[in-house]
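Enquirer: As they're listed, the protein sequences go chains A and B. Heads up, my numbering is the position in the first sequence plus 1250, with the first residue counted as 1. Heads up, my numbering is the position in the second sequence plus 367, with the first residue counted as 1.
Calculated directly from the structure, the hints in this document are not laboratory data. Any given hint could be a false lead.
Said to hold, decoys possible - In silico lysine-lysine, BS3-like type, Cα no more than 25 Å apart, as pairs:
1. A:K1512 with B:K528
2. A:K1439 with A:K1485
3. B:K509 with A:K1439
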Amino acid sequence: MRRAARFWLAVAALAAGCGLAGAASIDLGRLFDIGKDVADASKGMDEKDEIAVGREIAGRMLGAAPLVSDPELQAYVNRVGRWVASQSERPDLPWHFGVIDTASINAFAAPGGYVLITRGLYEILDGEAQLAGVLGHEIGHVVRRHHITVMQKSAAISAGARIAQGNRNQIINNLIGSGAEVMARGLDKSAEFESDQIGVVLAARAGYSPYGLIEVLHKLSARAGDDASLALLFKTHPHPGERLTELGTALTPRISTLPAGKEPPIRQVAGDVPPPPAASAPAAAGTRALTADEVAPTVKGGSKGGLGVDPGSVLRGIFGR
Amino acid sequence: MHVVRRDGDGIIIAGTVKASFMMTGLLRLLGLMLFVALPAAAQPVTLERDSPLYAEARLESAQVAQLKQGASGEVIAKQGAWLNVKTPAGTGWLFSFNVRFQSQKAGSGDSGSALGNVIGPRRNVNVTATIGVRGLDEQDLKQASFNAGQMKAFDAYTATKQAAEDAARATGLAPAQVEYLGARP
Chain A
1251 MRRAARFWLA VAALAAGCGL AGAASIDLGR LFDIGKDVAD ASKGMDEKDE IAVGREIAGR
1311 MLGAAPLVSD PELQAYVNRV GRWVASQSER PDLPWHFGVI DTASINAFAA PGGYVLITRG
1371 LYEILDGEAQ LAGVLGHEIG HVVRRHHITV MQKSAAISAG ARIAQGNRNQ IINNLIGSGA
1431 EVMARGLDKS AEFESDQIGV VLAARAGYSP YGLIEVLHKL SARAGDDASL ALLFKTHPHP
1491 GERLTELGTA LTPRISTLPA GKEPPIRQVA GDVPPPPAAS APAAAGTRAL TADEVAPTVK
1551 GGSKGGLGVD PGSVLRGIFG R
Chain B
368 MHVVRRDGDG IIIAGTVKAS FMMTGLLRLL GLMLFVALPA AAQPVTLERD SPLYAEARLE
428 SAQVAQLKQG ASGEVIAKQG AWLNVKTPAG TGWLFSFNVR FQSQKAGSGD SGSALGNVIG
488 PRRNVNVTAT IGVRGLDEQD LKQASFNAGQ MKAFDAYTAT KQAAEDAARA TGLAPAQVEY
548 LGARP
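Just chain B, same shape as in the assembly:
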């Protein structure tokens, strides 16, 4: 089975599950060379609907340009719901839900983190995309039986409300008053 795996900070390697240690080492080196040789992956996006390109990441800011559906650009940063996008018409900010990132094939070495450069740091993973691996499917679920041992473990891992709140506050999280969307302000 062919797999693609990311190891460490952006080192991309490819090989087979049964590859020897030596082969893995060679591929690792090759992958490192490739990674070093290539610039950081571009983050091309296409505009899903007509939208102004804002000078700043807020609706009240000046508009750099009026972009049409289908316009393309390259994402260079994010801020909350906004993406900083470089376009032929200029560089500015767009709502992230008004754009679509270019499709990416599974197993292309990015572990599904196609937007890792934009919406989060790269991180180590134990396993990433594997070509042709389906994982859990409908048939598996149809044949499943109740697993009492797993259920016992599932019970054991639960957290109390207080423990969850203590952990959240230790992380610096503070609850906020936010009405459901659609609710009258």
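The following block holds chain A by itself, in its conformation from the complex:
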């Protein structure tokens, strides 16, 4: 048996020994294609695995900030997002879109098609084309598997050291969080610029004005740097002005040929929904592991709290992670 295979089996065995392989862990042996080198581990991640990882991350994200309590709004954002995603190369992923209840201005994407936009960002949007542009950017991260690439690099770099320490939390961190560590330090700018371009094109393909995302970047650029709701965004992303410049350079040769598209009005958050909490909500009471019928086949259960994994840092976002 090759060293890499033994390595991943050891990870699975250690996880099982720590009680993680039952209800709460991802099947590590399945998640990575045993027999490949560690450096190639996440290249072996198939679509089911990708969805399972994304689902785990999204569930943790919702533990940090719940969905806005407005079913019509959530359904609306799903219709818009799914229509935009349908214009991509991966239209049949189990796309999920949601608005989470925080004043922060941000949006997130997790592998496999899980996209969250904050209420703080949603409420500064002036039209559906802007929403389509933002969601299109997030869809771009998913479609191009940007997060998988980062996880791959991180796993290769840090897996051995983590396992040697034998700490179960670090095993999970290695699977999801290690990749996040790289992203938390700031994404590869080229991935962000690429997703900006994808967002513009997917919105245009969906029949919207291609320029909604540009308008949103203008909004962000115009906000003062000391705006607390943008702290995470400005910490982890290229400045919106830089993104505008890059996008402008890419768009200029095509500006005459892009369709004008439509700018329908955007649905507003229901008037009877209370404002988001001043700070984010604490982890919801009653948080528990997933039951078997609630999870994807490759995820046997939800993670327990306190694992120290930073789900947000695993996520990639247009305006932060």
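With chain A fixed as given, assemble chain B onto it according to the hints.
Expert: Quick look at chain B alone, frame taken from chain A:
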């Protein structure tokens, strides 16, 4: 906590979360007076790079002037990727990504819609910028646990491809063939 909130069509009010109803009413009136008294917010911009000022919103149109980086102007309209800008050298059109809007402080009453006059209509919002409110931050995320109940709701809100397409077509959206940028035409 001090908050600034926009209510209705551009009525700007300021107060505290614990302000009494009467105080809120007074502030509302004051805000209305202020709003009425002030002209519509200007949309000052600065040119990010040297650029021609076009007579129309298309590259083939005549050039009104050649503007230098740092030139300033005021936006009066938009059309797609173009902004209609009034400058000392004349009025014309610029690519929106070649300009930068003046920075705006959070909680200044514009709910983040600093460009609302230009790139979209003002709209009612339930909550707008709140001074000093950070919202979700890294620490919150680090402490987060999987929320199965929320995940179930998240699943329930998803739309099928067909439902999404039906809704899009009902909105008047029609799919278009658009190559990715950078692709050979």
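Enquirer: Work down the list of hints and note, for each, if the structure agrees.
Expert: Hint check:
This hinted pair checks out: A:K1512 and B:K528 have alpha carbons roughly 20 Å apart, not beyond 25 Å. Of the supplied pair hints, the one linking A:K1439 and A:K1485 holds, its CA atoms being roughly 13 Å apart against a limit of 25 Å. Under the criterion of a C-alpha separation no larger than 25 Å, the hint pairing B:K509 with A:K1439 is consistent with the structure, at around 24 Å.
Going through the hint list in order, the structure satisfies each hint without exception.
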